[in-house]
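> Residue numbers (our numbering), protein chains in the order written: chain P, 1 to 500; chain U, 1 to 500.
Source of the hints: derived by calculation from the structure; they are not laboratory data.
Please note: incorrect hints may appear among the correct ones.
Straight-line distance between alpha carbons at most 30 Å, and here's what the computed BS3-like set of lysine-lysine pairs gives [unchecked claim]:
id, chain 1, residue 1, chain 2, residue 2
1, U, K493, U, K479
2, P, K19, U, K19
3, P, K19, U, K108
4, P, K108, U, K19
Protein chains: 2
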Amino acid sequence: MPAPIEALRAHLAPIEDLKAAAAVLRWDQETHMPDGGAEARAQQLSTLQSTAHERFVAEETGALLDQAAEALDAPAPLDPDAALVRVTRRDYERAVRVPSSLVAELSKATSQAQQAWTQARQNDDFSRFAPHLERLVELSVEKAEAIGYEDEPYDALLAEYEPGRTTAEVASLFDTLRSDLVPIVDAIAEAPPIDDSVLRGSYPQSDQRAFGRSVIADFGYDFDRGRQDVSAHPFTTAFSPDDVRLTTRYDEDNVASALFSTIHEAGHGLYEQGIAPSLDRTPLGDGTALSTHESQARLWENHIGRSRPFWRHYLPRLKDAFPDALGDAALEPFYRAINRVTPSLIRVEADEVTYHLHVMLRFELGRGLIDGSVSVNDLPARWNDAMDTYLGVVPETDANGVLQDVHWSQGAFGYFPTYTLGTLTAAQLMEAIQNDLPGLPEHIAEGRFGPLLDWLRTHLHQHGRVLDAPDLLERATGKALSTGAWLRYARDKFGALYSL
Amino acid sequence: MPAPIEALRAHLAPIEDLKAAAAVLRWDQETHMPDGGAEARAQQLSTLQSTAHERFVAEETGALLDQAAEALDAPAPLDPDAALVRVTRRDYERAVRVPSSLVAELSKATSQAQQAWTQARQNDDFSRFAPHLERLVELSVEKAEAIGYEDEPYDALLAEYEPGRTTAEVASLFDTLRSDLVPIVDAIAEAPPIDDSVLRGSYPQSDQRAFGRSVIADFGYDFDRGRQDVSAHPFTTAFSPDDVRLTTRYDEDNVASALFSTIHEAGHGLYEQGIAPSLDRTPLGDGTALSTHESQARLWENHIGRSRPFWRHYLPRLKDAFPDALGDAALEPFYRAINRVTPSLIRVEADEVTYHLHVMLRFELGRGLIDGSVSVNDLPARWNDAMDTYLGVVPETDANGVLQDVHWSQGAFGYFPTYTLGTLTAAQLMEAIQNDLPGLPEHIAEGRFGPLLDWLRTHLHQHGRVLDAPDLLERATGKALSTGAWLRYARDKFGALYSL
Chain P
1 MPAPIEALRA HLAPIEDLKA AAAVLRWDQE THMPDGGAEA RAQQLSTLQS TAHERFVAEE
61 TGALLDQAAE ALDAPAPLDP DAALVRVTRR DYERAVRVPS SLVAELSKAT SQAQQAWTQA
121 RQNDDFSRFA PHLERLVELS VEKAEAIGYE DEPYDALLAE YEPGRTTAEV ASLFDTLRSD
181 LVPIVDAIAE APPIDDSVLR GSYPQSDQRA FGRSVIADFG YDFDRGRQDV SAHPFTTAFS
241 PDDVRLTTRY DEDNVASALF STIHEAGHGL YEQGIAPSLD RTPLGDGTAL STHESQARLW
301 ENHIGRSRPF WRHYLPRLKD AFPDALGDAA LEPFYRAINR VTPSLIRVEA DEVTYHLHVM
361 LRFELGRGLI DGSVSVNDLP ARWNDAMDTY LGVVPETDAN GVLQDVHWSQ GAFGYFPTYT
421 LGTLTAAQLM EAIQNDLPGL PEHIAEGRFG PLLDWLRTHL HQHGRVLDAP DLLERATGKA
481 LSTGAWLRYA RDKFGALYSL
Chain U
1 MPAPIEALRA HLAPIEDLKA AAAVLRWDQE THMPDGGAEA RAQQLSTLQS TAHERFVAEE
61 TGALLDQAAE ALDAPAPLDP DAALVRVTRR DYERAVRVPS SLVAELSKAT SQAQQAWTQA
121 RQNDDFSRFA PHLERLVELS VEKAEAIGYE DEPYDALLAE YEPGRTTAEV ASLFDTLRSD
181 LVPIVDAIAE APPIDDSVLR GSYPQSDQRA FGRSVIADFG YDFDRGRQDV SAHPFTTAFS
241 PDDVRLTTRY DEDNVASALF STIHEAGHGL YEQGIAPSLD RTPLGDGTAL STHESQARLW
301 ENHIGRSRPF WRHYLPRLKD AFPDALGDAA LEPFYRAINR VTPSLIRVEA DEVTYHLHVM
361 LRFELGRGLI DGSVSVNDLP ARWNDAMDTY LGVVPETDAN GVLQDVHWSQ GAFGYFPTYT
421 LGTLTAAQLM EAIQNDLPGL PEHIAEGRFG PLLDWLRTHL HQHGRVLDAP DLLERATGKA
481 LSTGAWLRYA RDKFGALYSL
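With the hints as extra help, turn the sequences into a complete structure.
Set out below in structure tokens:
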């Protein structure tokens with residue numbers, strides 16, 4: 001008879017296989033599937049998800065967890081067996097508390113809401129989406145009540161993406177950040193704007209692709225254990241640490257768009273490729289929180305990819321790749337162009353400074369929807385007011401305003417704050433890294449990323465979900481998450497760029 | 001409570017979803033998966049297959065089949081409900097008779113045998129493969145005994161691919177065919193050889209791809225419900241009638257190789273795209289037998305793609321696509337080149353006349369392995385003797401002889417004869433089609449394939465597995481399968497080409 005922990009692993013492994021299979025089907029859907037395949041694919045995915053869910057919420061899982069817990073020694077903090085029991089128990093409790101009737105209703109409602117959202121956005125008609133959003137809010141509150149929470153229902157939803165963090169903690173971090181950030185944004189808005197016209201020109205897709213691939217290969221992204229394809233919205237997905245796939249999209253008139261998206265997704269991909277193989281086919285073989293995942297994307301994208309040392313190495317190479325469009329480009333104007341800050345309407349196009357204000361606005365409104373202080377009908381007006389207050393710009397259409405993001409139509413309340421938490425995490429990690437690797441700027445200027453990747457592998461990647469995000473960050477940096485590091489980084493970098 | 005037939009459908013649909021998901025994962029494995037993904041993919045596929053198998057062999061399936069059978073009215077021949085019960089019952093009986101321990105042993109043995117075969121072929125060392133083949137023969141006989149058969153164990157294995165046909169029937173057809181075919185091959189071998197040097201030259205892959213796609217789009221292959229990728233071995237796979245994918249491979253020195261492979265796979269693909277949508281997510285939503293599938297591939301490849309009217313239309317277009325390599329090509333020499341017959345060592349490179357002899361040899365030896373009249377150790381010598389007798393050529397290495405095909409290493413005894421059965425079926429269908437569509441040669445010469453595809457859709461494609469291959473052919477052509485139509489076609493075509 002196998003040891004209880006082995007029995008638990010043997011029970012969980014095929015569930016992870018089914019989830020990985022679903023991820024393959026979703027990847028195919030976004031990258032290669034012909035249009036005709038959509039209906040059958042939805043059914044295949046639904047079957048894979050419900051089969052995995054049924055196996056996971058089975059009483060057998062609970063019994064195996066109990067037996068494994070009994071058999072555990074007093075756990076050391078990084079003991080993978082103890083972590084397996086703890087994390088799986090938490091996932092299991094969440095899963096069994098939500099009645100299967102509610103799971104089915106949510107699945108149906110989100111599917112309808114996404115169709116309605118697509119049409120509402122195309123027609124700039126919020127009223128088409130409103131009743132669906134109301135229904136999703138209602139069902140999400142019901143889900144939160146079923147799961148349980150300490151202070152407010154949003155806690156239960158946030159915990160899906162950020163186990164170990166509370167809404168109040170996020171709100172407090174965001175309050176600090178906002179009060180420090182708004183004056184910076186105001187000052188930048190009054191400074192002379194940066195000219196970023198150098199980024200625009202004619203940049204053939206095939207050359208952009210080759211350049212982007214060479215950059216992330218330099219980072220250490222392993223193309224023998226991954227690949228890059230084109231999709232409408234860039235994403236990263238992993239079927240195992242040895243099969244981690246990125247997507248991007250190309251704008252042939254702009255050299256920066258696909259490159260930074262490629263670097264961003266490679267940050268996610270390096271995390272997944274770095275998870276310890278021993279965690280594969282267990283619930284621990286994944287990023288520990290969305291904020292941790294996002295921190296890796298933002299670290300490579302902003303702290304590395306938008307840094308002066310990086311372009312000292314890569315600008316000559318980029319000019320070789322695009323001699324016609326970039327033959328005259330000089331380092332300093334190019335560095336300024338890729339770091340231009342300007343308040344704008346669309347989150348996904350925002351710079352790294354104003355991005356936080358887009359996120360905060362969504363966090364506040366989303367939290368309000370869930371606690372009942374914001375009604376769906378008031379949402380467009382509340383959105384536009386907040387845009388005016390935070391960014392000084394107001395969308396002329398709801399399509400470019402409250403309807404721009406897919407998240408709420410997916411019922412993903414609790415998701416938005418992870419973007420800013422991830423950015424704060426990245427900055428805090430970078431301070432620790434700079435402390436441990438004083439030669440880092442020189443490494444980067446030589447195109448050498450091995451020491452940085454080793455640090456990330458050692459302190460973060462390998463652990464998968466063995467540690468929750470707060471513990472992981474505290475172990476890696478010696479501190480709890482705060483806004484300090486990011487504000488120091490932003491004041492330093494953008495203060496110099498805008499002579500503040 | 002749903003009607004029993006609906007309950008049966010609801011039970012079977014997610015099983016079909018799991019099988020479709022496995023097909024997506026296999027497609028990805030052959031076309032896009034990075035090398036690193038192999039180990040995880042094998043586990044994911046194993047989980048999907050065993051999950052689908054467990055659900056199918058569950059007692060619930062048997063109970064639902066009983067209830068549905070009771071509720072059926074006296075069945076009309078094309079009644080899909082009756083066919084569903086009949087075909088699913090047959091699949092179910094086959095599946096439950098094979099003990100799960102034997103399923104597991106066969107799965108393990110084939111996986112080991114395929115590795116051994118790859119190495120044996122690379123090293124031209126049959127002895128490395130021999131013990132694995134012996135084990136597979138042993139387990140396959142055990143499987144045949146478990147399933148049951150009327151005359152000989154090979155019947156039970158053949159029935160996996162050709163329900164409704166017996167080994168004796170196949171042997172009798174092949175005896176007739178061989179005695180008529182060998183003199184034709186001998187006469188061709190004595191005739192002056194055809195010059196096919198026009199096919200060789202410089203043919204860039206991207207232009208080959210564009211031309212092949214335009215041809216099969218003309219046939220009616222729907223790229224909104226399919227796509228074409230590159231893989232080491234061409235194949236066709238379907239995830240639903242609305243997502244049917246082809247693969248091919250390109251030889252930039254030969255214009256014919258990828259084109260006929262593309263046409264061949266499109267024949268398979270048109271069949272899958274033509275199956276009635278109402279059969280989707282049931283065991284009926286598939287080709288009815290491998291021979292029927294192969295008939296569609298061979299019909300488009302040989303009867304259409306290697307015909308004079310076809311090239312009357314397409315040769316000018318091919319010359320436009322490759323003006324440097326083909327500028328001077330004339331219809332008659334080109335038509336002769338693509339129909340060159342020459343005895344050769346490798347089945348997959350054989351012409352449409354000698355191909356049958358490769359198949360017969362494999363059928364006879366495979367049948368002998370299963371009934372014990374051929375021993376594994378004698379196999380290389382038996383192979384070379386038969387090659388000499390049938391084709392007058394003898395391989396100098398086992399790699400180019402008995403080790404050339406993957407099928408036996410997959411335990412797929414019973415598969416080879418379907419190639420020739422399919423070719424005979426194609427010829428018999430073509431006689432019926434020419435009778436119903438006397439204007440067909442003119443249609444083809446105008447690049448109009450609608451009437452032909454309509455005929456195939458009406459008489460074959462739409463029915464999926466509602467009719468077994470013998471019934472389907474009898475309904476479509478009014479006759480049982482025989483060698484007559486193919487021999488008339490071959491004598492007519494190759495008699496003229498070689499002035500016999």
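> With reference to the structure, classify each hint as holding or not holding.
Against the structure, the hints come out as follows:
1. Taken as a hint, the K493 (chain U) and K479 (chain U) pair is honoured in the structure, with Cα atoms around 23 Å apart against an allowance of 30 Å.
2. Taken as a hint, the K19 (chain P) and K19 (chain U) pair is honoured in the structure, with Cα atoms around 15 Å apart against an allowance of 30 Å.
3. With a C-alpha separation of about 24 Å, the suggested pairing of K19 (chain P) with K108 (chain U) holds against the 30 Å cut-off.
4. The hinted pair formed by K108 (chain P) and K19 (chain U) meets the criterion: a straight-line CA distance of about 24 Å does not exceed 30 Å.
In this structure, every one of the numbered hints holds.
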